[in-house]
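Letter by letter, the chains look like this.
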Amino acid sequence: MKLDSRLFPTRRALPAASLLALLAAFACSSVDRTPATGSEPPPDLVTPPEASEAEGASTADPSPSSSGGLTEDEILAIPPEVGSETDLLDIGAKSLEELNTEGHLKDVQFEYDSADLSPSMRATLEENAAWLSRYPSVSILVEGHCDERGTVEYNLALGEERARAVRDYLRDLGVGTGRMRIISYGKEFPLDPGHNETAWRRNRRAHLEIVAK
Amino acid sequence: MKPPRLPRLAFAALGAALATGVAAGFVPVTGTRAPSPGPGSGAGEVGVASLGTPLAGTAGQDTGDWYLDITRPGAPVRMAIPDFRLAAAETSGRGTPPGETNAVPAEPLSGAGPTLAEEAAESASVASAVLWSDIEYAGVYRMLPKRFYRIAEAGSPEGVLDYYQWESIGADILVSGTLRIDGEFLVAEVRMHAVRAQENVFGRRYTAARGAARTLAHRIADDILQHAGNYQGVARTRIAFSTSRSGPRSKEIYLMDYDGHGQRPVTANGSLNITPSWSPDGRALSYISYREGAPALYLAFLYQGRGEKLVGDFQSFTPAWSPDGRWIAFTSNRDGQSEIYLAAVDGTELRRLTDNRAIDVAPAWSPNGRTIAFTSDRTGAPQIYTKDRDGLNLRRVSFEGSWNDSPTWSPSRQHSEIAYASRIERRPFDIVVHDFETRQTRQLTTGRGSNESPSWAPNGLHIAFASNRAGDDQVFTMHRDGSNLKQLTREGSNTTPRWGNPPGDPR
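So the sequence lines, in the order shown, correspond to chains A and B.
Each residue of the first sequence is one higher than the one before, starting from -17 at the first, in the numbering used here.
Each residue of the second sequence is one higher than the one before, starting from 85 at the first, in the numbering used here.
Hint data in this document are derived by calculation from the structure and do not stem from the laboratory.
Only a predicted model underlies this, so the values are computations on that prediction, with no experimental measurement involved.
Here a beta-carbon is modelled for each residue, glycine too, at the ideal position from N, C-alpha and C.
Please note that the accuracy of each hint is not assured.
As the list claims (entries may be wrong) - Which residues of chain A face chain B? A few of them, derived with a C-beta cut under 8 Å, are: (1) Asp95; (2) Gly132; (3) Thr133; (4) Glu135; (5) Tyr136; (6) Leu138; (7) Leu140; (8) Glu142; (9) Glu143; (10) Ile165; (11) Ser166; (12) Glu170; (13) Phe171.
Produce the entire structure from the sequences given, and follow the hints as far as they go.
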């Protein structure tokens, strides 16, 4: 397992501007990434659009069918073709970076000072668990993150609690604990550098990073 | 400090790799070495010797425990600190206190060329400015403006210290000094005078490496404050912090002098390095690093260029070094959720302090090492608690505010208090202080930006903290009453300042 992929994970649900900025950052901090080719993004793109992909996950109405959560048996009974992908990916042919960029596993967003899983978060995690059940060789790192409004010290513990809540739910859904590790970054690595409600909501998250396939 | 044994909890020691310096992720401190100038020499980077002049109130010896008696109750004590004179400049015609120039062998500055003279002048200029600001920072003396000094000096006969002249401009205390370059060293001779008593109450010779004028002046300032008013200065203290300045998506541990000068890296591994904590002797730091993936607890012995991992399994956060130097309190999830543990610095013991389903984080030791303050959300929101280190006597400290964190226990003998970051309702954080004697809580910052991670100065009279009031997080210091605010960092984002003792000066 590469240290680099754990410390500088590629993010999935980024607006174009943030992605460019992050790519530029990666180019400076890691040796095995392609150099950034883009210049500075246009100023009007620096502020993330209001309706980002990541936001959608937290603001979407909870799906009634999945709000109660699935039992382990129910999850195991889900046939592989339940998702939009009808054929299994050839994950062996893809790099970890590609797999993470393609966004097969979705972030979940938490409420302020909370590590509780809402029905919509559980639904997202159930999708993640289904994907993981199709690719049993995949191992993940569950990262807990916090927004900037909390304190550095407490946020480290809060991020840990968020990562643990996600790991425990995935475990309850049948994902083997040997395939999952957790880590807290507190508020050290915000996904969105903004200082507003939108940014804070996006930053209060657990991110699932594929670290082995 | 006795080198600790290889800890039982540690993985392979990183010592060999770390000793090679920056490239290996660790930057040893290279101290300046000074000669031992005989009896009375101090530890550390500056040599100290008593000058021969008999001291008032003693039998001709500088015993180090004599304090100036200023008998004018209520009035602020006014201190005059003229710039350091170059020791060879005695022909300049300026007034010189008796005995001062006699004690200094003539230095053939002219024979060594202009470069040496310029260096001496520059060193004197730096030392003068630093000494002034160090004394002023303490906030206990009224600094007499330098423009008055010419009057006193002009009225004195050449080569004579005329106490009446200094009294006439309002000086209670006069601190005067000379400085010269002697071989590879800076040599300063400093005297403190009680003006109205007309006594020379302090005289010492200080020796430091050339180029270490700041270090020299810091030492002098702390001595002056100690002898003038039994005041524990902070001029030689340092502040450690975590900074993003070294590159994107990484943070390194840095340290700096208390006044923000000399900001320099302790770690350089390109990973996430956060929440430093000083050893009580000011010669080592514990901190959390993600350099191997999971956040682990590391120790960095600054003067030995040596580092090691103390606790590497599970996730570790927020270390705090005990006042006796033997323990690190920290947070770990090894038993499922965030709890506070104690690990012996030599790795021989691991004890658990808290045990409940809530978050327990950010331990801070009481000055006597018997009690630990920490943050817990056991009532639903983060609040400050204390618990004896044997696990007994749980007490809640904070009752106001929806989010309280980052307790730091005052080391002061006069004030029994804890500072922490407090959020009232949904506002940003402010630094507050809870006084155990009065049971009152006072607010030191007032809503300018978010103010976090307070850390007491070793004398318990100042607080360092991080604030985003100027944009990114930056390190500030203020007096314990909230006055005398100073911004120390400006480059990148700088968080979690920790104020340490002077090196080699255990409490």
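Here is how each hint holds up against the structure:
Using the Cβ-Cβ criterion of 8 Å, the hint placing Asp95(A) at the interface with chain B is satisfied: the shortest such distance is roughly 7 Å. The beta carbon of Gly132(A) comes within 7 Å of a beta carbon in chain B, closer than 8 Å, and the hint placing it at the interface holds. Hint on Thr133(A) holds. Least Cβ distance to chain B is approximately 4 Å, under the 8 Å limit. A hinted interface residue such as Glu135(A) counts as satisfied when its beta carbon comes closer than 8 Å to some beta carbon of chain B; here the least separation is about 4 Å, so the hint holds.
Interface hint at Tyr136(A): satisfied, since its Cβ lies 4 Å from the closest Cβ of chain B, which is below the 8 Å cut-off. Evaluation of the Leu138(A) hint against chain B yields a held restraint, the C-beta minimum of about 4 Å falling below 8 Å. Among the interface hints, the one on Leu140(A) holds; its C-beta lies about 7 Å from the nearest C-beta in chain B, closer than the 8 Å criterion. With a cut of 8 Å, the hint placing Glu142(A) at the interface with chain B holds, because the nearest CB-to-CB distance is about 6 Å.
Of the supplied interface hints, the one on Glu143(A) holds, with its beta-carbon coming within about 6 Å of a beta-carbon of chain B, less than 8 Å. Given hint, Ile165(A) at the interface with chain B, holds; its Cβ is 6 Å from that chain's nearest Cβ, closer than 8 Å. With 8 Å as the threshold, the beta carbon of Ser166(A) comes within range of chain B, its nearest partner Cβ sitting at about 6 Å, so the hint holds. Nearest Cβ of chain B to the Cβ of Glu170(A): about 6 Å, under the 8 Å cut. The hint holds.
Taken as an interface hint, Phe171(A) checks out: its beta carbon lies about 6 Å from the nearest beta carbon of chain B, inside 8 Å.
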